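Sequence lines, in order, name chains A and B. Its first residue numbered 259, the first sequence is counted upward by one per residue in the working numbering. Its first residue numbered 259, the second sequence is counted upward by one per residue in the working numbering.
No lab work stands behind these hints: they were computed from the structure. These numbers come from a predicted model, not from an experiment. Not one of these hints is a red herring.
Which copy? The list can't say, so a pair holds if one copy fits it or any two copies do.
Lysine-lysine pairs mimicking PhoX-like chemistry, simulated, CA-CA at most 20 Å apart:
hint	residue 1	residue 2
1	K345	K356
2	K372	K356
3	K712	K738
4	K588	K313
5	K595	K315
6	K362	K345
7	K362	K509
8	K668	K640
9	K315	K589
Protein chains: 2
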Amino acid sequence: MSKEITARSQDYSQWYNDLVLKGQLADYSAVRGCMVIKPYGFALWENMRDVLDRKFKETGHQNAYFPLFVPKSLFEAEEQNAEGFAKECAVVTHYRLKTNPDKKGALMVDPEAKLEEELVVRPTSEAIIWNTYKGWIQSYRDLPILINQWANVVRWEMRTRLFLRTAEFLWQEGHTAHATSEEAVAETKQMLEVYADFVENYMAVPVIKGVKSPSERFAGAVDTYCIEALMQDGKALQAGTSHFLGQNFAKAFDVKFSNKENKLDYVWATSWGVSTRLIGALVMAHSDDDGLILPPRIAPLQVVIVPIYKGADQKASLDEKISVIVAELKKAGIRVKYDDNDNARPGWKFAEYEMKGVPVRVAIGARDLENNVAEVARRDTKEKASLSLDGLAGTIVTMLDEIQQGMFDKAKAFQQANITPANSFEEFEKLLDEKGGFISAHWDGTAETEEAIKERTKATIRCIPLDNPQEEGVCILTGKPSKERVLFARAY
Amino acid sequence: MSKEITARSQDYSQWYNDLVLKGQLADYSAVRGCMVIKPYGFALWENMRDVLDRKFKETGHQNAYFPLFVPKSLFEAEEQNAEGFAKECAVVTHYRLKTNPDKKGALMVDPEAKLEEELVVRPTSEAIIWNTYKGWIQSYRDLPILINQWANVVRWEMRTRLFLRTAEFLWQEGHTAHATSEEAVAETKQMLEVYADFVENYMAVPVIKGVKSPSERFAGAVDTYCIEALMQDGKALQAGTSHFLGQNFAKAFDVKFSNKENKLDYVWATSWGVSTRLIGALVMAHSDDDGLILPPRIAPLQVVIVPIYKGADQKASLDEKISVIVAELKKAGIRVKYDDNDNARPGWKFAEYEMKGVPVRVAIGARDLENNVAEVARRDTKEKASLSLDGLAGTIVTMLDEIQQGMFDKAKAFQQANITPANSFEEFEKLLDEKGGFISAHWDGTAETEEAIKERTKATIRCIPLDNPQEEGVCILTGKPSKERVLFARAY
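Please model the entire structure based on the sequences and the hints provided.
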């Protein structure tokens, strides 16, 4: 092995960092809390982005681009939203640097170039967008507006983790405007389904769809819908959110429209987003102690072919045969690389592609060629088989589908095995400490109890699942009556 | 006509703004100097981006993402670069807002949340990227690094224009690292060719390829290659630049590698970029007093079909036939829209799509259906013809190619007619004022003369064309000897 990875059992957190760094997904940067997304990691993000972008367009959305900066007066207009983000925002106060007279070669902020109004680097774009929509909406004929933006945002988090929590991150944010509450709620739910479909069927990560409790809502939302995923260490991860914003932003920015009855009303809003955080979820949901395990549908590279040879003659005959196989795989729509780099040995390459989570590795040696076979290895199960070169492309297409499904099934089984009911606070604490995962428990519905449970256990209500069965019970903490269980977990 | 556009002859600048705003490309925003790119404008940018991105990947580049912020100490490391951008950069100084005790509902910068080191919002990313490359490069085996980034950048321009000059803009910036000077120069030139090919063959805008004079170089570059386009008002517009950075950034950030002889040397660099400014060039190069004229290859919509009918029966038979035509056009890879909106009259629609520059408009009425024809109108030449519905998709595919070529030919003829030699300063001034365009003149090669000409005429040296013929002559201003003509123009 060329590079060592900390074992999950030894230090889960270090294991995660090792995978991200040694799997070439990202690197630390010189800027506090910001990271560099390396080409391999960015190719993964591009694949994820392209699938989502297609789904957004299929559901009638268009992309647009709004300013990076939010003037302070707009930022503070929607009070809850402002309060939620004020504590962690980057603020531009000046527009020029000048020579520092006290230090040769150094620059300093030019005090004469102070902005009249400070600019907040967007932590989310509701404010700047709703201020813009005001100019675009007069009548119900201007509605709905269905816009998405791919952008960078900044939240000045104190404790950061590669992908999971960074000061700057990439995301998409949909912002839609509607004539009725019903239509906006339907949009919110539709986008939650789009996210769930993407995360489950492309990332192979099963999710639970639900609604947040009031204290976990997005700042400024009436309702926050979410999808929650489960990581291998038993902690939950919020993978995407879709917010019904009611008329909150329309009121804050005075966005009214005349409806079909020619009466003025405030516009109804939604917003929804997923971010590069999903890459963190992907890494933690599937990988093992040998490296990343990427699902074929979004893996930057689906198949790598490694030749095994001695001398130029063997290499030449392998090159000839493999170039045909590569062409066949490409024709079948497979992202394939033939790694014939002469400077690295096959064993080193095997470890490298294992580290990078390439779903299928094909090794072909001189004797394989004679026997018309190749050694094909699955990254997920580590199964190896000697397979015929005839129809290899078809065999691999099928195998990629099996890997995709197998990864989902494995993660789904893990998720199902880790949703556990607790009927007392004692049981709740014990489960959290010994097993983790989602704990299904009764709660009295108050923010105070939620906060108390969080303080004592670090567990939060991840969501109230959609179509949650109604069941009489009593709150695990206060004993007060409850009509349904909710899902608690410790979370990223 | 639903919306009036100022005529070019009346107010060229207002004509441009009208086109951008009424053509639905962009809108002003609440943030000084920043704009909103509207869905139609963003779809155009997406088409441009996708073509360029494919070309970058075909030439071996990968995308990655680096932080938005540049710590001041890194920003100032490469002195020329720092000096070039310090005067117009947005500076983040604080990371929190707090409640303003003096004003209800208002926030203020929290003085206790002052950053130890200020962060510059990237105006360009050489500094942050070369500081990163330092950690990635040890040996010649790590080279070349061929990375591109699609990102937003901020330059605090005092006078802004939609697309042409905005405080925040979208662009791509390639940043490559090489083992030899020759390889870096070859990369610089290759990317200039990629840009020229894109601008000429997709945007239908002819360009002149050249090298900048030393005073017009990118801050920190050894050589800046550029493509220069000509607008209808006779002003030039720099459409793309590709910089050979020598070892300047490697020295500033101490990026060394051991070469094949195992000796340490500084790494050679290039950077190259084009931005949303190209959309401004596109608008000004082709459009007319009725609206935008977009080249088919990148137009968001290539064909619009407008039905002309009275009553539901006629509409139904049109719908039936047109749905077949739409399917055929889509099958032929054409971006087509059937506008059967019942709330707008055909004349209004005609004006609207003319405004938006859709290359081909197809109008079909009840009588057309009987005669198996449609009225097909070209946006660029305004030619109309009654064409058979049989094989219409094929006819239109050919027509789109003709439009693309016709637009380029027209712009090329205009460019060629507006490159004029001047042999005296008097002639030079007269040409500038009466004709505009590129003026080919001798210059003594000094920055002083260049500056003096700029002060007196507002014309700058746009470039020294590649493969420039050598010719003995004398500088139009100083009479000093010169070996070649260079191209001057007033420019955006």
